[in-house]
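Q: Residue numbers (my numbering): 7 to 315.
You may find that some hints are simply not true.
Stated by the list, open to error - Listed next, the in silico SDA-like pairs over lysine to any residue satisfying Cα-Cα at most 25 Å (straight line):
| id | residue 1 | residue 2 |
| --- | --- | --- |
| 1 | Lys306 | Arg208 |
| 2 | Lys141 | Gln264 |
| 3 | Lys222 | Gly179 |
| 4 | Lys256 | Arg275 |
| 5 | Lys141 | Lys256 |
| 6 | Lys256 | Ser240 |
| 7 | Lys256 | Ser311 |
| 8 | Lys256 | Gly223 |
| 9 | Lys122 | Asp92 |
| 10 | Lys306 | Gly223 |
| 11 | Lys141 | Asp167 |
None of these hints come from the bench; they were simulated from the model. Every value quoted in this text rests on a predicted model; they were computed, and no experiment measured them.
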Amino acid sequence: MRVPVPLVLLLCLSVIGGVWWANTKGMDFMTPPTAARIAEIQEKAEASNAQPERVNEPVKPPTLRQVIPDAIQDNTPQPPPIGLGDLDSPPTLEAYSDRALDGHAKLAELAAVLEKEGEFQRALLAWERSLDMTKPDTTQAATALAAIRRLRPTLPDWNSDPALAIHIALHAGTGPSLAPALKPVLEEAARELTLASGGILRVTADLAVGKRNAPKGPIPAALWLSGPTGDSASTDVLSFTVEPTDDLGKDVYQTVFQLVASHLKRTGRLTPPVEPSGEETHLEALQSHITRLSWREFGKSLNTSSPDE
7 MRVPVPLVLL LCLSVIGGVW WANTKGMDFM TPPTAARIAE IQEKAEASNA
57 QPERVNEPVK PPTLRQVIPD AIQDNTPQPP PIGLGDLDSP PTLEAYSDRA
107 LDGHAKLAEL AAVLEKEGEF QRALLAWERS LDMTKPDTTQ AATALAAIRR
157 LRPTLPDWNS DPALAIHIAL HAGTGPSLAP ALKPVLEEAA RELTLASGGI
207 LRVTADLAVG KRNAPKGPIP AALWLSGPTG DSASTDVLSF TVEPTDDLGK
257 DVYQTVFQLV ASHLKRTGRL TPPVEPSGEE THLEALQSHI TRLSWREFGK
307 SLNTSSPDE
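Full structure from sequences and hints, please.
A: This is the structure we're talking about:
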C-alpha cells in the first residue's frame, strides 16, 4: 500500500521538530549573554586560533642517532690454536716426530709459534723435523734452512760431553806428494763435522799414504767414513783428483757431503739432505742441511759391524 506524500512530509517535519525541541527546550535565546560569558567565549576562541594546524606542511621524520658497532663481528670459523705439547719437560732429539704425518706446513707453523714464544730449542727441533721427516718442496726447504741457520748459532751444542759422543772416523787415501797438504785439511774437516753435528759425533781423521806417487797429472785421492774399529760399517768410497791449483778444502767438503747424503739415503729412515744451491758451500750445507737427528742416525749406522764381517 502506498503512503500518501502529504502524510510523509508531515511525519518528517514532526521528527525534525521533535528533535530540535528536545535539544533546545532548555536554552534561552532571548536573554543576551553576560560580559563574563562573552569574555569566556573570546578566550576559548583565541586559544584555539593561536596555533592553527598546518595541514600542508611536510612532516619531518624524527632524527635517528647513528649507532656504530664497537667491532664488526667476523663469523668466519677460526682454526683451532696449534698445540705446543709439553713445554715443561726437556725435549728429546726426536721431538715432534709424531707431527710428521701432519706435513711440512703444520710443522713449519708449529716451529714459528714456538720461536715466537721464545722456545728456540724446540723451534729448531720442529724446523729440523720439517726437513728430515717430510718431503718439502724447494721453497719450503729454503724457509726451513734459513730458520735453522738463524737459530743454530744461538743455541749450545746438543751434547757437550765428548764421552757421550758417537765416535766415527773420516778416512782419506792418497800418494806421498798430496799427503802433506791433505792431512791438515782432513783434520780440519773432522773438527767441522763434530761441530756440525752439535757434539753428537766425535770425528777423527785417518790418512792412509801410499808408497808411490801417481803418474804425472792430477793427483788422485779417496775419502770414506766408518765406525772407529776395523770391523765397523762404512760409507761408500768416493775418489777425486786434485790439480796443484785446486782448492783442496772445497773438494774434501763436497766429497764428504756426498758421502753422508748418499749413506743416509740408502740406510736411513729420514729424508736425505739436498745439495746446496746458489753460492752456498758444501761446508755450509754440512752445518745446516743435515739435521742433528740425521747426524745421530748416521753415526749409529756406522757403529755396527760391517755386513761383510
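Q: Go through the numbered hints given earlier and state which of them the structure violates, listing their numbers in rising order.
A: 4, 5, 7, 10, 11
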